[in-house]
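Enquirer: Sequence:
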Amino acid sequence: MTKPSICVYCGSRPGVRPVYVAQAARFGRLLAERDWRLVYGAGDVGLMGEVARAAQAGGAETFGVIPTHLVSAEAGKRDLTRFVITETMHERKKVMFMNSDAIVVLPGGAGTLDEFFEVLTWRQLGLHAKPIILLNPDDYWTPLTDMMARIVQEGFADASMLDMTRSVDDAEAAMNALATMLS
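Each residue of the sequence shown is one higher than the last, beginning at 0 in numbering that gives the first Met the number 0.
These are computed hints drawn from the structure, not numbers from a lab. Since we're looking at a predicted model, the values are computed, not measured. Careful: at least some of the hints might be erroneous.
[To be verified] Simulated restraints on C-beta separations:
| id | residue 1 | residue 2 | range |
| --- | --- | --- | --- |
| 1 | R81 | D138 | 30 to 40 Å |
| 2 | D34 | A148 | 28 to 38 Å |
| 3 | S182 | H68 | 35 to 45 Å |
| 4 | T144 | R12 | 14 to 24 Å |
| 5 | W121 | A178 | 20 to 30 Å |
| 6 | G108 | L181 | 20 to 30 Å |
| 7 | D137 | A109 | 18 to 28 Å |
| 8 | G125 | A56 | 36 to 46 Å |
| 9 | D34 | F155 | 32 to 42 Å |
| 10 | E86 | G154 | 33 to 43 Å |
| 11 | R81 | D145 | 31 to 41 Å |
[To be verified] Cut-off 30 Å, straight-line C-alpha distance, at most; resulting in silico cross-link-like pairs (DSBU-like, lysine-lysine):
| id | residue 1 | residue 2 |
| --- | --- | --- |
| 12 | K93 | K129 |
| 13 | K2 | K129 |
| 14 | K93 | K2 |
No residue lacks a Cβ here, since even glycine has one placed at the ideal position from N, Cα and C.
Working from the sequences, and respecting the hints, build out all of it.
Expert: Take a look at the structure:
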């Protein structure tokens, strides 16, 4: 098997809790330790920048994808192993997804939620079976997983949707889950 490529969706801001930055950096370091490739949004800001800088510092291969209109806003990180500029956000998400074996979602905002729900919907539709991990430091994603349970409870999704993601507390647990799911 070739080295796994892990797509990371996360905030272009650091958030208010230091644990978010610490877990993003830790995840990047752990990716490098396993010699796995980081696929991400190519920004050098917020949690995106933390993950990428930590992965790079450890020698990991990095694959960044950014749309033209965000190159300045997200400080496009051009010193990556591979840096791709797309025309649209939709194209960015497609390129990231197609170049990854699994998805890890760190804390983030509306863009991160958009990315998460797109890959979750594609999984529900049977378009892929890639692992989706919610890295949930300080219960950041717990309201989301509660809402997903409510969606099932209210009859808007099959209970199988709840088995399509896995929530973990920290970077180590995310890497361990990925190692098991990708083996």
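Enquirer: A separate judgement is required for each hint: does it hold in the structure or not?
Expert: How the hints compare with the structure:
no. : hint                    : in the structure
1   : R81 - D138: 30 to 40 Å  : holds, 34 Å
2   : D34 - A148: 28 to 38 Å  : holds, 36 Å
3   : S182 - H68: 35 to 45 Å  : holds, 39 Å
4   : T144 - R12: 14 to 24 Å  : holds, 22 Å
5   : W121 - A178: 20 to 30 Å : holds, 23 Å
6   : G108 - L181: 20 to 30 Å : holds, 28 Å
7   : D137 - A109: 18 to 28 Å : holds, 20 Å
8   : G125 - A56: 36 to 46 Å  : holds, 39 Å
9   : D34 - F155: 32 to 42 Å  : holds, 41 Å
10  : E86 - G154: 33 to 43 Å  : holds, 39 Å
11  : R81 - D145: 31 to 41 Å  : holds, 37 Å
12  : K93 - K129              : holds, 14 Å
13  : K2 - K129               : holds, 15 Å
14  : K93 - K2                : holds, 20 Å
Against the hints set out earlier in the document, no violation occurs for any number.
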